[in-house]
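So the sequences go chain by chain: A and B. Letter by letter, the first sequence follows residues 1 to 342 in full-length UniProt numbering. Letter by letter, the second sequence follows residues 1 to 342 in full-length UniProt numbering.
Treat the hints with care, since some could be wrong.
Which copy? The list can't say, so a pair holds if one copy fits it or any two copies do.
[What the hints assert, rightly or not] Calculated lysine-lysine pairs in the DSBU-like style (CA-CA distance at most 35 Å, straight line): (1) LYS66 with LYS128; (2) LYS128 with LYS47; (3) LYS332 with LYS290; (4) LYS195 with LYS332; (5) LYS128 with LYS60; (6) LYS60 with LYS184; (7) LYS66 with LYS332; (8) LYS184 with LYS332; (9) LYS195 with LYS66; (10) LYS211 with LYS332.
Simulated from the structure, these hints should not be mistaken for laboratory data.
Protein chains: 2
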Amino acid sequence: MPGILRNNILVIGGGSVGAIAAVNIELGGVSDVTLVLRSNYDVVNEKGYDIESCDHGNLKGWRPSKVRNTVPNVSEEGLPYYNYIVVATKNIPDISPTVIDLVSPALRIGNRTETTIVLLQNGLNIEKPFLTSFPDTIILSGVSLIGSAEPSPGHIVQDEPDRLLIGAFPHPSANVLIAEALAKSFVVMYSSGRKTDCTYSPNVLHDRWRKLVYNACLNPICTITGLDSGRIRLADGALNGLVRPAMREIVRAARAAAGVDLAGDVIETMINVDPLESYLKPSMQQDVEKGNYIEFENLLGEPLREGRRAGVEMPTLEVLYQLAKAVQWRIKERRGLVDIPT
Amino acid sequence: MPGILRNNILVIGGGSVGAIAAVNIELGGVSDVTLVLRSNYDVVNEKGYDIESCDHGNLKGWRPSKVRNTVPNVSEEGLPYYNYIVVATKNIPDISPTVIDLVSPALRIGNRTETTIVLLQNGLNIEKPFLTSFPDTIILSGVSLIGSAEPSPGHIVQDEPDRLLIGAFPHPSANVLIAEALAKSFVVMYSSGRKTDCTYSPNVLHDRWRKLVYNACLNPICTITGLDSGRIRLADGALNGLVRPAMREIVRAARAAAGVDLAGDVIETMINVDPLESYLKPSMQQDVEKGNYIEFENLLGEPLREGRRAGVEMPTLEVLYQLAKAVQWRIKERRGLVDIPT
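Using the sequences provided together with the hints, build the complete structure.
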């Protein structure tokens with residue numbers, strides 16, 4: 001039932017995070033979602049999603065309003081503009097196409113204030129390339145604490161509730177009140193299905209650094225050791241030898257680089273955030289096992305660089321970063337992006 | 001042709017290093033080798049080794065004088081004593097049985113000066129448990145710079161010459177001249193087939209620390225990143241970000257902890273010791289890929305502890321050590337040595 005009061009929403013990326021976002025936005029009943037898929041397009045286009053969700057129950061054959069396998073070029077295709085573009089892909093700035101390349105055609109040339117971009121992605125400084133490329137567009141931060149995975153294309157298993165923190169990234173020129181209003185409006189739209197915990201959270205830097213205590217540390221450590229977040233807690237000395245030292249470096253960097261004081265129990269909270277018995281693999285570990293590129297630059301490289309610039313010693317994260325970079329190179333080679341002499 | 005002037009030699013471990021050692025010792029023509037095998041016993045006992053060697057050519061169906069699948073218990077079996085026991089197994093002190101457990105039955109009780117033990121193994125402080133358990137026995141150091149592998153049981157491919165440095169480990173009570181003489185006598189026996197480069201080298205600590213520049217660094221880095229020693233040289237920034245910092249820590253530790261001054265070009269020499277185009281996997285990487293335990297304590301843990309005791313900062317090796325320890329735990333779990341809550 002399209003109408004002038006309905007929101008026109010583009011969700012780019014329909015993996016385990018994007019699919020649940022699309023469900024929440026459609027469930028609100030006031031928005032039409034166009035969902036852009038890549039690797040799972042054929043399956044979802046043909047049969048819809050098979051979703052097992054702790055928030056939504058079982059949704060067999062679920063589809064948003066529209067499904068596409070390319071990002072719409074709104075100018076060329078003469079499409080109406082999107083109120084929000086939700087980016088739920090991986091963010092891998094060291095591999096082309098970048099997120100900027102991906103989003104660009106969905107913004108109307110010359111009218112880049114009419115659309116708000118929501119980055120439902122992890123890591124630090126991910127808004128920076130957007131502020132450079134689209135200086136008039138407001139960029140929202142979405143920090144998702146969802147536990148979900150896509151064990152096979154189109155099959156989404158969400159076993160932990162979708163808790164989403166939305167706020168506006170600091171913007172060099174946009175009106176703060178407008179940015180706040182757009183963030184709050186997104187929260188209302190996302191939450192109106194009443195199945196999810198989506199909250200307006202103005203302190204974006206705090207939310208992002210807090211999640212990095214997990215993401216900059218457990219993601220690479222689990223990826224590199226091949227131990228999931230349950231097993232890393234059981235392995236001889238891994239918590240005291242690796243995880244806690246790395247997390248302490250992030251806590252110190254957050255304070256020195258961003259003035260973010262994380263709660264005193266953040267390290268133990270993040271260590272125990274995944275239930276022990278479920279033996280969950282952090283997203284980066286899942287990516288490596290699938291042969292996908294890893295998000296190590298925004299999760300690990302940026303906080304490391306920020307911390308070092310602020311004078312924090314980060315010996316553990318430095319080595320983890322260098323190792324992750326070598327792992328990324330290995331994936332590049334396997335995917336034919338680098339040639340080696342024979 | 002047994003005779004009283006012949007040496008009675010026990011070689012424990014018939015993988016890629018032990019098999020070539022057995023060949024060299026038998027080729028000398030003055031020794032009888034009893035070779036103790038484990039995983040490849042059935043194949044070698046039935047069909048002999050299939051050896052492709054740059055030193056020895058192709059040896060199809062090669063066998064030493066005797067092949068066994070257990071370490072002989074010389075006292076119980078009433079066997080003559082061994083002149084030398086060459087230990088060519090992996091040395092993994094954190095997993096039972098240890099090398100001490102393994103060697104023990106091959107020494108006659110109460111007569112532990114008649115046999116000399118040759119540790120053809122890598123890493124630091126490997127003689128210490130022997131000096132404690134068998135305080136009267138002389139222990140020789142064998143630092144092998146061989147390039148060989150066992151791609152399938154009993155099939156040995158040696159593509160780089162066997163260069164072996166033999167010297168006596170410092171001994172708290174034994175006569176230095178006797179220890180030297182026993183080392184030199186081993187060199188003569190090993191070299192008399194004239195196919196190999198086995199040298200007496202009195203500066204055991206120098207030889208061991210020098211090899212650690214490779215083994216403590218490239219072994220874990222290649223293991224953890226999944227990149228072989230050729231690829232790690234090609235991967236973005238891995239040499240400057242990981243390999244050289246780790247190697248510099250070893251060079252500093254060698255000087256501070258052992259007074260060993262390694263040659264100024266040792267780092268570049270070790271980086272380039274494997275031919276680039278051959279993309280060789282260091283032994284630890286091969287072990288992980290085969291699901292075998294890794295020798296991280298003697299290769300990485302001991303130099304790290306020695307360096308730290310001497311006041312050297314070793315941030316790179318510290319993280320690599322902790323990661324290697326977690327990898328070892330993963331292998332233990334896969335092999336059923338640890339139980340995890342379900």
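Do the hints match the structure? See the list:
Proximity of LYS66 and LYS128 under a CA criterion of 35 Å is satisfied intra-copy only: 30 Å inside one chain copy versus 70 Å between copies. For a Cα distance limit of 35 Å, the shortest separation of LYS128 from LYS47 qualifies neither inside one copy, at 38 Å, nor across copies, at 66 Å. Taking CA atoms no more than 35 Å apart as the test, LYS332 paired with LYS290 passes in both settings, with 13 Å inside one copy and 24 Å between copies. For the identical chains of this complex, LYS195 and LYS332 are neighbours neither inside a copy (39 Å) nor across copies (43 Å), given an alpha-carbon limit of 35 Å.
For a Cα distance limit of 35 Å, the shortest separation of LYS128 from LYS60 qualifies neither inside one copy, at 38 Å, nor across copies, at 64 Å. In this homomeric assembly, LYS60 and LYS184 come within 35 Å of each other (Cα to Cα) only inside a single copy, at 31 Å, whereas the closest approach across copies is 77 Å. Taking identical chains as interchangeable, the C-alpha atoms of LYS66 and LYS332 lie at most 35 Å apart only when both belong to the same chain, with a minimum of 33 Å there against 49 Å between chains. For a Cα distance limit of 35 Å, the shortest separation of LYS184 from LYS332 qualifies neither inside one copy, at 40 Å, nor across copies, at 50 Å.
Only within a single protomer do LYS195 and LYS66 lie at most 35 Å apart by alpha-carbon distance; the minimum there is 22 Å, versus 74 Å between protomers. For a Cα distance limit of 35 Å, the shortest separation of LYS211 from LYS332 qualifies both inside one copy, at 27 Å, and across copies, at 31 Å.
Violated hints, in rising order: 2, 4, 5 and 8; the structure is consistent with all others.
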